[in-house]
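K.L.:
Start from the sequences, fold in the hints, and give me the full structure.
Chains as they are written, first to last, in the UniProt record's numbering: chain A, 1 to 315; chain B, 1 to 315.
I should point out that these hints are in silico values taken from the structure, not numbers from a laboratory.
On a predicted model such as this, the values are computed, not experimentally measured, just so you know.
Ideal Cβ placement from N, Cα and C applies to all residues, glycine included.
Incorrect hints may have been included.
What the hints assert, rightly or not - Computed footprint of chain B on chain A, listed as stretches where at least three residues anywhere in the stretch have a Cβ under 8 Å from a Cβ of chain B:
id: 1; region: 91 to 97
id: 2; region: 105 to 112
id: 3; region: 298 to 311
2 protein chains.
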Amino acid sequence: MKILDLFNLTGEQRAKLESLGEVQVIEPAELNDNNIKNINGIYGWNKKAQNVLGQSTELKFVQSNSAGVDYMPLSDFADKGITLTNVSGIHAEPISEMVVAYVLAFARGIVTSQAARRDQKWIGDQVRMQNYTIKNRTAVIFGTGHIGRAIAEKLQAFGTRTVGVSRHGKPVAHFDQVVGDQKGVLQAAKADFVINIMPLTPTTRYFFNQAFFDQMTNQPIFINVGRGPSVDTKALIAALDQHQLAGAGLDVFESEPLPSDSPLWGMENVILTPHISGGFQEYGDEAFAILYQNIASFIQTGEAAINKVDLSAGY
Amino acid sequence: MKILDLFNLTGEQRAKLESLGEVQVIEPAELNDNNIKNINGIYGWNKKAQNVLGQSTELKFVQSNSAGVDYMPLSDFADKGITLTNVSGIHAEPISEMVVAYVLAFARGIVTSQAARRDQKWIGDQVRMQNYTIKNRTAVIFGTGHIGRAIAEKLQAFGTRTVGVSRHGKPVAHFDQVVGDQKGVLQAAKADFVINIMPLTPTTRYFFNQAFFDQMTNQPIFINVGRGPSVDTKALIAALDQHQLAGAGLDVFESEPLPSDSPLWGMENVILTPHISGGFQEYGDEAFAILYQNIASFIQTGEAAINKVDLSAGY
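P.N.:
See the structure below:
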């Protein structure tokens, strides 16, 4: 198997793959007009991969280095019978920690204090009694997969009430309650925290739009660690300006990097981070473990072992 | 019993106290040269209370509205046989949440991202792989009382290793390990997070000084939600400048409000909040519940029921 490496495998990882016997790892610099036709697998995705997709007659396997795969040509994969696997699972820990970080930064007055700090304002008397604990508060989490569950589990450790929203609406561990989409909006309307971790699909694009924000009656904090285009940014900014939302913690945006003229940069009731919530120091190791398992399986059985993406569903 | 209210009891709370039968609540504006001599109890502490201490011949009970009582004339209380009770216990939830907020803001790259945000810098590629999760990291917590235990419990929910430091060094729930002061410094040297929640006593004053910071070998994040004077501020600033510490989350300071010429205001690797970590919206209710229980007990038995302060130990 010829595997094109677009995610910077270490020498050790490369050797480990090649020790499987039938694997040859090809680095981007080694790609040429000849070997491009016989690439069997790709690790990662970029323009070079797109090239390989057009020219290789033997491509049968793509392993993404992300959980979301909305940026990939899924229908081409389906047409050509290419198996796509992702690294879903490894983001649960870092993203759930990020969500708790946002939630507590708002609840405990850190956002307000840091804003006042720019003018050296000591606003203890004002903030101290506005602060709240997240015990007995309600978080509505859109998305009940790996990451949604991990978020719910961590929030439950603080005594926060957790409501999950999914298409199926069936019970899931660590959620006090799981409801379908429509009921989810009603729950969000009364919630303290509204958290998006849904994949981007035609159904979820612009899910959080003006009609959604207009229903919020409890001035929740809105958190997006899913995908940027699930949110209508203009509607979000208006909802923040009009205090339909008390604040927002945003890691993903419709357009990234966030354009320099975006009002979000300057909004004091917004924490914004540059699409980092899923990152952590051991990311490369954990992603490699999935790649290795899938390639080993491919060699033995002709099938990937884990994390297969349903190309029609998009996740 | 004549109780001077220095913590703004609500009408409802006042009525509830007076329904005990022998209680008369006196508001600060009602204090005069006559009734000051017969005040039996004080709720809260300020200069007016100091006056009452000098002039009342019948003062026997002071209920603080804080957990720490280092700002009170403890030896005068001891000399005059005055019982002091605090509201220890009600801060465990809000302060432990604040500590997790600081810890995660550093671990997950929020501090770095917000600093870059001022210049509209999108530093995702840089931050994403510097980030870490707090799973399997080590937090050394100085102080294993109510609040220390609550901090440990919450961190354990993230898989963080928790080491407590106390005078006794005996096992305490939610700590993977508890050690005495000297071993605590050695543990802190290797830790990822060093957290102070000790009361301020002659022993803990300037506990975190240059000698302490000089021993740190793992560039920990230092968090102070205890008392400001437990830290030598100049040594702390130097340790941050010299990267002996990777950052600091500070809610309390040697001098409050933080002086306008303090370098801490402008340090990007510092989160500073204006002594708010113990505050939350239901604070008044929870503190009153302790006051009520103690006054009811005083009427029945002549003794406070809960939260008595050891005047010689200072907490």
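K.L.:
Run the structure past the numbered hints and jot down the numbers of the failing ones, going up.
P.N.:
Hint check: 3 fails alone, others pass.
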